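There are 2 protein chains.
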Amino acid sequence: MKITELVLHPIAIADPPLRSSYGLHAPFALRTVVELKTDSGLTGFSETYGGDGPLAGLEAVRARVTGMDPFQLAGLWRDLSAEAEREIAAAPGGRSQTFLVPGENPLDRHARTFAAIEIACLDLIGKATGKPVCDVIGGRVRDRVSFSAYLFYKHGGGGGVGGDAREDEYGEVLSAEACVRECRQMIAQYGFREIKLKGGVLDPAMEIASIRALRAEFGASYPLRIDPNCAWSVDTSVEVGRALKNELSGGGYLEDPCATLEGMGEVRRRLLAERNDTPQASNVAVTCFADVPRARELDAVQIVLSDPHYWGGMRNVQQLSHLTGVLGMGLSMHSNSHLGVSLMAMTHVAAACPNLTYACDTHYPWQTAQDEIVEGGRVKFVDGCVAIPDKPGLGVELDYDQIARGRERYRKIPFRKRDDEAEMRKHVDPAWKRVLPRW
Amino acid sequence: MKITELVLHPIAIADPPLRSSYGLHAPFALRTVVELKTDSGLTGFSETYGGDGPLAGLEAVRARVTGMDPFQLAGLWRDLSAEAEREIAAAPGGRSQTFLVPGENPLDRHARTFAAIEIACLDLIGKATGKPVCDVIGGRVRDRVSFSAYLFYKHGGGGGVGGDAREDEYGEVLSAEACVRECRQMIAQYGFREIKLKGGVLDPAMEIASIRALRAEFGASYPLRIDPNCAWSVDTSVEVGRALKNELSGGGYLEDPCATLEGMGEVRRRLLAERNDTPQASNVAVTCFADVPRARELDAVQIVLSDPHYWGGMRNVQQLSHLTGVLGMGLSMHSNSHLGVSLMAMTHVAAACPNLTYACDTHYPWQTAQDEIVEGGRVKFVDGCVAIPDKPGLGVELDYDQIARGRERYRKIPFRKRDDEAEMRKHVDPAWKRVLPRW
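From first to last, the protein sequence lines stand for chains A and B. For what it's worth, the working numbering labels the leading residue of the first sequence as 1, then goes sequentially. For what it's worth, the working numbering labels the leading residue of the second sequence as 1, then goes sequentially.
Keep in mind that the hints were calculated from the coordinates and are not lab data.
Distance ranges between label pairs, derived from CB positions:
hint, chain 1, residue 1, chain 2, residue 2, range
1, B, ALA188, A, ALA89, 38 to 46 Å
2, B, GLU5, A, SER221, 41 to 49 Å
3, A, MET206, B, ALA273, 53 to 61 Å
4, A, GLU421, B, ARG86, 50 to 58 Å
5, A, GLU297, B, ALA188, 43 to 51 Å
Quick list of in silico lysine to aspartate or glutamate cross-link-like pairs, DMTMM-like style, CA-CA up to 25 Å:
hint, chain 1, residue 1, chain 2, residue 2
6, B, LYS380, B, ASP168
7, A, LYS391, B, ASP39
8, B, LYS2, B, ASP79
9, B, LYS245, B, ASP299
10, A, LYS2, B, ASP390
11, B, LYS391, A, ASP69
12, B, LYS2, A, ASP143
13, A, LYS2, B, ASP143
14, B, LYS391, A, ASP39
15, B, LYS2, A, ASP390
16, A, LYS391, B, ASP69
Nothing here was measured: the structure is a model prediction, and the numbers come from that model. Beta carbons are placed, not taken as given, at the ideal position from N, Cα and C, and that holds for glycine.
Kindly generate the complete structure, drawing on both the sequences and the hints.
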């Protein structure tokens with residue numbers, strides 16, 4: 001089996017006016033759907049970040065990938081990494097993505113490019129062997145994967161803030177009460193059993209109130225996590241950690257409260273000194289393997305967020321699962337606005353990671369059935385879980401009419417890069433800038 | 001594809017009277033050849049440790065393995081590990097194998113059992129997909145794998161010391177001169193470009209002389225390593241490290257000079273204080289993943305010795321390659337008396353490990369063409385390397401006449417367990433005991 005063609009489909013999908021410390025989601029999120037056609041007649045798929053940058057990264061490997069045997073992945077990873085290491089060594093300021101939205105860090109571009117190819121190759125291998133991808137990469141340790149409710153503060157959309165953004169069933173969420181309502185709606189529909197709140201948007205006191213309201217509503221059997229994406233100072237992080245000591249215990253965590261491993265290490269030391277061992281998670285200060293032992297040494301991070309899209313694909317996430325297990329760290333999974341192909345990739349790799357200690361994040365509830373590119377429509381959740389389908393590869397096929405629809409929307413809109421700051425200036429505050437720490 | 005039958009072939013193979021700090025090799029080494037038959041008509045192979053212990057371990061998983069899908073490996077590893085963790089937690093003295101010959105540590109029995117099943121399953125998957133095993137597990141990063149000349153001090157065999165042991169082309173090797181001769185013979189036949197001497201046998205001054213003689217004969221382009229299997233005290237280790245500073249530099253290492261990570265850490269500190277950064281390798285103080293970060297913390301070990309047979313199979317060796325890479329450590333590969341099936345398993349996994357920084361050990365030159373169980377005879381070395389065959393799976397088939405011969409020899413001999421100490425008492429010194437440190 002040889003790859004004969006790499007087909008890239010840049011698409012745009014409706015995205016509600018979600019808020020984070022990065023700013024405001026634009027009315028459309030960008031994705032790229034990758035097809036690898038082969039001389040065997042099989043086609044493999046993957047879904048990755050969208051816009052000009054990720055497309056250019058994939059175009060750059062077109063010649064390398066065309067003619068490649070889809071089993072020969074380690075050589076491709078070695079070559080792309082070696083190139084990247086030279087760029088990273090020459091880059092000022094190292095690899096941190098504190099100031100970059102996921103998918104826009106030039107220093108993990110090689111990992112994102114490789115992942116998109118690797119996942120499509122694993123889909124191909126699964127189809128060629130008649131096996132689900134999770135079994136191709138070593139075998140599942142679970143048949144279904146648990147995801148968490150991923151709550152956002154948000155504007156109402158429609159004609160209001162967010163301009164041309166779609167109106168959704170969740171409406172405006174800018175208070176503790178609205179947060180509880182959003183969560184209730186989401187759990188009723190998907191059955192999630194863990195809850196994550198994207199913070200760093202409102203005054204910390206209001207976010208504390210949101211978490212407390214969620215605990216009051218759902219009880220201790222729904223673990224809670226809050227992720228302000230580095231919006232807080234060390235002092236504020238300690239204050240929030242102190243205020244939410246009970247609410248974040250028992251399977252919850254504090255995710256990237258402040259910037260840098262050093263900052264998180266200080267928060268950890270100060271909380272431990274108060275006998276508060278709320279674990280800290282990160283996908284901002286820890287974005288590549290070299291960050292992991294350093295995070296462990298500083299005791300800054302106890303839970304690493306994986307993500308096949310930017311950690312270099314599924315086998316690298318398995319390596320991360322193993323590494324964190326050996327170092328006595330936990331593992332969770334990060335997400336970004338995505339459709340069903342990405343969801344299935346996340347599900348397969350999660351099924352094949354023994355050390356996965358939390359329900360995975362997913363933005364899936366924020367996307368719509370109208371935009372789904374998977375044949376047969378949206379992937380089903382049961383009790384907050386996605387089951388491994390009894391089908392080869394990722395277990396989904398593309399709906400090419402929907403791909404055409406997504407491509408057409410991409411063609412029509414002006415966005416070619418995620419820029420949440422610009423979106424804030426356009427719709428909320430003309431002077432808005434991302435300032436760290438904000439509180 | 002389902003596994004329908006697990007077939008175990010206990011065999012005995014001639015072994016010369018090799019010496020080490022464990023004692024003396026018996027005239028026969030024991031191996032077990034594993035066959036997994038499937039409902040697809042394909043059969044997968046592996047080769048592992050021999051004798052009653054390994055056989056009992058494999059018998060214990062017969063029911064679990066029969067009916068299993070060979071792709072479902074992670075679940076088997078999880079189940080066997082969970083069981084083992086309970087035993088290990090209850091075991092006095094932890095996991096160290098300082099006082100145990102490889103293959104006889106009850107605390108990694110689960111890893112050895114799993115490996116034998118995993119490798120045969122990967123052979124099956126390769127055969128089912130038409131791919132070499134190295135490509136099934138992620139893809140090769142090299143097409144041929146470099147091995148080192150593995151020199152032993154030894155008796156002459158034949159009618160002499162070693163009793164009924166076979167006479168070989170190397171004769172007695174108990175001096176520096178004989179060592180050089182042995183190495184010259186082995187390099188002429190196999191083309192090795194790195195040299196390992198099994199030490200811990202003669203007085204350290206004589207072993208230092210052997211290493212110096214090898215350097216004088218072969219020059220600095222042949223990196224040198226010495227492995228006394230913990231025979232030395234910390235003081236002696238430092239003295240040898242000091243004496244061989246030049247000879248072990250430039251791609252060589254000092255392997256398990258003394259017992260325990262703490263001991264090796266002290267040797268390291270004392271050598272570094274003399275500006276001697278000879279790296280230390282281990283397969284005695286580091287035998288499971290939990291040992292690796294501890295070895296790194298103490299700076300006791302800079303190079304970990306992998307081995308698919310006792311590290312839990314090929315994918316676990318890939319994890320070890322990744323882990324050591326992330327921690328900035330080197331990786332080499334340990335070996336034990338083995339035939340062609342094991343050699344091919346070692347070659348495939350080595351081909352798929354990006355972070356493999358040294359030529360692998362192999363005992364292969366010490367076994368004979370008469371005992372080879374691989375169809376077509378002994379595996380070929382070119383320039384010290386074994387190439388990945390352009391064939392599915394491990395790339396070798398079994399010669400069933402040779403298996404029958406090995407089984408018959410196994411039936412006839414009294415050994416059911418490797419016991420190098422008993423062998424020393426029988427042939428060399430009736431009072432011999434393994435004492436650590438000996439010097």
